[in-house]
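Enquirer: Sequence:
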Amino acid sequence: MAPSPQVANVTRTIATHQPDVLVLQDMDWDLKGAAVHALQTQLKQVGTDMPYAYVPPSNTGLPMGIDMDADGKTGGPRDTQGYGRFPGQGSIAILSRLPIDEDAVQEFHALLWKDIASPKLLEKLLPPEAIATQRLASVFMAAVPIETAAGPLWVLTHHATPPVFDGPEDRNGHRNAAENLFWLQYLDGTFGTRDNAPFVIASQLNIDPIRGEGHKETLSTLLSDPRLQDPFATGPSEDHHTAAFDSVGKLRLAYLLPSSQLNVSAKGHSADPALRPDQTHSRHRLIWIDVEIPD
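Reading the sequence shown from the start, the letters are residues 1 to 295 in my numbering.
In short, the hints are calculated from the structure, not lab data. You may find that some hints are simply not true.
[Unchecked claim] Only pairs whose alpha carbons sit at most 30 Å apart, straight line, appear in this in silico DSSO-like list of lysine-lysine:
1) Lys216 <-> Lys267
2) Lys216 <-> Lys114
3) Lys267 <-> Lys250
4) Lys120 <-> Lys73
5) Lys216 <-> Lys250
6) Lys114 <-> Lys124
7) Lys120 <-> Lys216
8) Lys73 <-> Lys114
9) Lys44 <-> Lys114
10) Lys32 <-> Lys44
11) Lys124 <-> Lys216
12) Lys44 <-> Lys267
[As the list claims (entries may be wrong)] Simulated restraints on C-beta separations:
13) Leu112 <-> Gly167: 21 to 27 Å
14) Asp71 <-> Ala266: 46 to 52 Å
15) Asn196 <-> Ser247: 40 to 46 Å
We treat Cβ as the ideally placed atom computed from N, Cα and C, and that holds for glycine.
Go ahead and model the full structure; you've got the sequences and the hints to work with.
Expert: Right under this line is the structure:
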């Protein structure tokens with residue numbers, strides 16, 4: 001059976017860039033990994049063999065049994081740990097040409113928001129009965145080691161909630177900021193186990209440095225941390241947007257932030273997506289970097 005036009009466009013874009021490691025955002029999760037396996041098969045048919053995959057379960061669509069959006073019901077897509085009409089909708093997957101050390105993966109999807117936020121803030125943002133169970137990650141958070149000839153390269157990934165679609169309490173704005181700052185706490189050693197191995201934050205931060213909504217000061221804190229670098233930092237004549245929408249135009253939402261000890265030898269992105277999603281594979285662009293790992 002021939003792939004759909006959308007899948008054909010996705011595989012064509014990926015094959016054009018021939019990545020060693022690919023982080024896919026907004027890909028549905030299923031228990032047996034059938035969707036990712038099908039994509040691997042399609043990629044191999046167009047000359048891109050990525051035999052290794054890390055496909056974690058997701059917080060999206062995971063029922064909380066609480067009326068989170070105050071609509072009088074408890075079974076809607078907003079009444080879940082992360083927005084989703086079914087468990088695993090719009091999750092994350094990592095494909096790799098290089099082996100993934102799955103035994104060493106550090107997962108943080110079950111970390112509670114209250115473990116990093118002040119009680120007074122959460123009392124303003126969440127229903128009282130949700131504070132004890134609301135997770136931080138709206139989709140997933142994981143530190144995933146990739147085995148290279150020069151040693152492990154850690155991929156730190158998450159998909160932050162958009163800082164919109166809420167009310168004057170700014171629940172999603174605060175959650176977006178907390179998700180994006182998590183990796184600094186990870187690098188501090190507050191969560192997980194850290195060594196000096198190089199890393200790349202490969203995430204959908206879902207906030208533009210200048211345009212759109214969100215806590216810009218929080219993003220600035222992340223991007224200015226000396227332990228990482230921003231190869232796509234914009235200059236006066238640059239626009240490294242990664243998505244285009246009819247309502248708000250072009251925004252930078254996806255980020256690749258390598259650790260400071262890595263040498264970025266090249267960078268780029270795929271062609272600009274059409275504003276109409278039915279004309280292309282996605283409203284989001286593929287972004288890429290080439291890095292050299294020091295001895």
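Enquirer: Sort out whether Lys216 lies within 30 Å of Lys124, counting only the CA atoms.
Expert: Given that 30 Å is the threshold and the Cα spacing comes to 21 Å, the pair holds.
Enquirer: Please verify whether Lys32 and Lys44 have alpha carbons no more than 30 Å apart.
Expert: Measuring from Cα to Cα gives roughly 20 Å; hence the hint holds.
Enquirer: For a C-alpha distance cap of 30 Å, please report whether Lys114 and Lys124 respect it.
Expert: holds (12 Å)
Enquirer: Take the C-alpha atoms of Lys44 and Lys267, compute the straight-line distance between them, and say whether it is at most 30 Å.
Expert: holds (24 Å)
Enquirer: Kindly confirm whether 46 to 52 Å is satisfied by the beta carbon distance between Asp71 and Ala266.
Expert: This hint holds: roughly 48 Å between Cβ atoms.
Enquirer: Has the given pair, Lys44 with Lys114, been kept, meaning a C-alpha gap of at most 30 Å?
Expert: Measuring from Cα to Cα gives roughly 43 Å; hence the hint is violated.
Enquirer: For Lys267 and Lys250, compute the direct alpha-carbon distance and say whether it is at most 30 Å.
Expert: holds (19 Å)
Enquirer: Does Lys216 pair with Lys250 here, judged by a C-alpha cut-off of 30 Å?
Expert: holds (17 Å)
Enquirer: Holds or violated: Lys216 with Lys267, Cα cutoff 30 Å?
Expert: holds (24 Å)
Enquirer: Tell me if the straight-line CA distance from Lys120 to Lys73 falls inside 30 Å.
Expert: The hint holds at about 26 Å.
Enquirer: So if I understand the rule, the pair passes when the alpha-carbon distance is 30 Å or less; does Lys120 with Lys216 pass?
Expert: Satisfied, since the Cα-Cα distance of roughly 22 Å is no more than 30 Å.
Enquirer: Verify the CB-CB distance for Leu112 and Gly167 against the hinted window 21 to 27 Å.
Expert: Taking Cβ atoms as reference, Leu112 and Gly167 lie about 22 Å apart, which means the hint holds.
The earlier numbered hint that this structure contradicts is number 9, and it is the only one.
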